[in-house]
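> Given the coordinates of chain A, assemble chains B and C onto it according to the supplied hints.
Chain by chain, the residues run as shown.
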Amino acid sequence: MEKFSCYFKILIFIILITSCFLIANSKTLKPKKPCKQLVLYYHDILFNVTITNSANATSANVSNPPNVLGDYNFGMLVVFDDPITEDQNLVSTPVARAQGFYLYNMKSKYNAWFAYTLVFNSSEYCGTLNIMGADIIDQKTRDLSIVGGTGDFFMARGVVTFSTDAVEGLGYFRLKMDIKLYECY
Amino acid sequence: MEKFSCYFKILIFIILITSCFLIANSKTLKPKKPCKQLVLYYHDILFNVTITNSANATSANVSNPPNVLGDYNFGMLVVFDDPITEDQNLVSTPVARAQGFYLYNMKSKYNAWFAYTLVFNSSEYCGTLNIMGADIIDQKTRDLSIVGGTGDFFMARGVVTFSTDAVEGLGYFRLKMDIKLYECY
Amino acid sequence: MEKFSCYFKILIFIILITSCFLIANSKTLKPKKPCKQLVLYYHDILFNVTITNSANATSANVSNPPNVLGDYNFGMLVVFDDPITEDQNLVSTPVARAQGFYLYNMKSKYNAWFAYTLVFNSSEYCGTLNIMGADIIDQKTRDLSIVGGTGDFFMARGVVTFSTDAVEGLGYFRLKMDIKLYECY
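Protein chains in written order, with UniProt numbering: chain A, 1 to 185; chain B, 1 to 185; chain C, 1 to 185.
Since the hints were made in silico from the structure, they are not lab data. Any given hint could be a false lead.
[To be verified] Below, computed lysine to aspartate or glutamate pairings styled on EDC-like, alpha-carbon distance capped at 16 Å:
| hint | chain 1 | residue 1 | chain 2 | residue 2 |
| --- | --- | --- | --- | --- |
| 1 | C | Lys36 | C | Asp152 |
| 2 | A | Lys109 | A | Asp138 |
| 3 | A | Lys107 | B | Asp44 |
| 4 | C | Lys107 | A | Asp44 |
| 5 | B | Lys36 | B | Asp152 |
| 6 | B | Lys107 | C | Asp152 |
| 7 | B | Lys176 | B | Asp87 |
| 8 | B | Lys140 | B | Asp152 |
[To be verified] Derived, one-sided and incomplete: chain A residues facing chain B with beta-carbon distance under 8 Å:
| hint | residue |
| --- | --- |
| 9 | Ser63 |
| 10 | Thr141 |
| 11 | Asp143 |
| 12 | Val147 |
The beta carbon of each residue, even a glycine, is placed where N, CA and C say it ideally should be.
This is chain A alone, in the form it adopts within the complex (with noise of 0.2 Å):
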């Protein structure tokens, strides 16, 4: 009986493990909450070539786009380097710069593509986020991948959530990065 007992565990023991196995290889559970979020605000100031505005611009159309492709700026490919700060106002201590580029992509309507890198340097985070995916901006809310981090975001993965926080017709927009990370080391 007591043999009976220790056989009836090992085989317990044995389906367990599997299980444990299979799981461990699939990544089929849904997680319930990020392990890290960071609410953060992207801001955009558009060089406009006729008045100059370099001091203040941070961010460059650098792209050859043809005009007759709609009202929507198709092709239209503005490279940036944008400041990042923890609440809406522009003139905040950035923590982060965002760096890359978006376009658009477009003949009916706004609408953007997004990959850029946000660069972490504030005395809460040193490392990056690599980020991309489409900002189809009639969408009150969209949602973007993050892709990689490096430093203290280590091989992270997760979404960014934007939402369209403010628009001054060409020259500046803010967007309200929600940033969930689900894989983190």
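Same frame as chain A, but now just chains B and C:
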């Protein structure tokens, strides 16, 4: 004897648990098959500046490439908002849009590089997949990386295999995209 | 007494299994060392429009950057197909090509952003690694993200550490790329 048997079991147990830990943290096993697979077709109609096809065009060259670096459009950068269909027919109802860009980057042959987002908005899927990688055109099939996803494809990773399905000069080409996700949440 | 010992063992067992499950799903542990490491050198020979070096050039500026945003090539976007060697010698047989682009994005100093694919086609490796991130040139070393891989690098993730190895004006520069994969399949 009974005591020895118990110690032995505990030893085996610790070895198995340790190996389980190691596997959980190293992800060394190759997944046998995708957790999700989709075959889709990508249609690109390049804007032809001289003959106005702006009503049909879904992409445009926005760069200033030098003409003297070979004969294969080195440096040409094309922004696109291309329809994605489930069959090869250009006029089928799109199940997604592909938004992003490709560029040509070889002096000696046609060779491209893609970074884009598949934006799904159909009855079946809502969400995005973010993709980047080399499109080595002279290979029958070539693999790019799916580096992230949102919505129904939350946190997905995988590989997309391109194969050229049709080419009509510079004006139109169609790619078959075999999407295989190996990490699904 | 024997029975108590068995219950105790089962309890320990359940605790360990549970912790194993948790670790498998949260990936909170920092891997001690890469599962694969490679040191490679990247050579970039920029096309010089005025003096024709088109035979040797491996990259070209394809943008229309504004000249008035500082003195550090803000907005310049360079498409490349650059040789990758195992030693510092430009004329060594390449083990891979780096295909993609970089752009300059600062008004006050040289600072760049990269997105590219390492295309391996040697006796040792066949496959690709996809990389993006900020190249903060004034730091001795800077980390970019390896966001995906294919072929021999199927589904890989990691970090690549750049360090400037040589600069000869705008015409040539060499980067040391220390590639560390932390997720290997």
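> Are the hints correct? Go through all of them and say.
Hints, one by one, checked against the model:
1. Lys36(C) <-> Asp152(C): With a Cα-Cα distance of about 11 Å, the restraint between Lys36(C) and Asp152(C) holds, given a limit of 16 Å.
2. Lys109(A) <-> Asp138(A): It holds: about 8 Å lies between the C-alpha atoms, which stays within 16 Å.
3. Lys107(A) <-> Asp44(B): Judged against 16 Å, a Cα distance of about 14 Å means the pair holds.
4. Lys107(C) <-> Asp44(A): 14 Å, holds
5. Lys36(B) <-> Asp152(B): 11 Å, holds
6. Lys107(B) <-> Asp152(C): 26 Å, violated
7. Lys176(B) <-> Asp87(B): 9 Å, holds
8. Lys140(B) <-> Asp152(B): 30 Å, violated
9. Ser63: 4 Å, holds
10. Thr141: 11 Å, violated
11. Asp143: 4 Å, holds
12. Val147: 4 Å, holds
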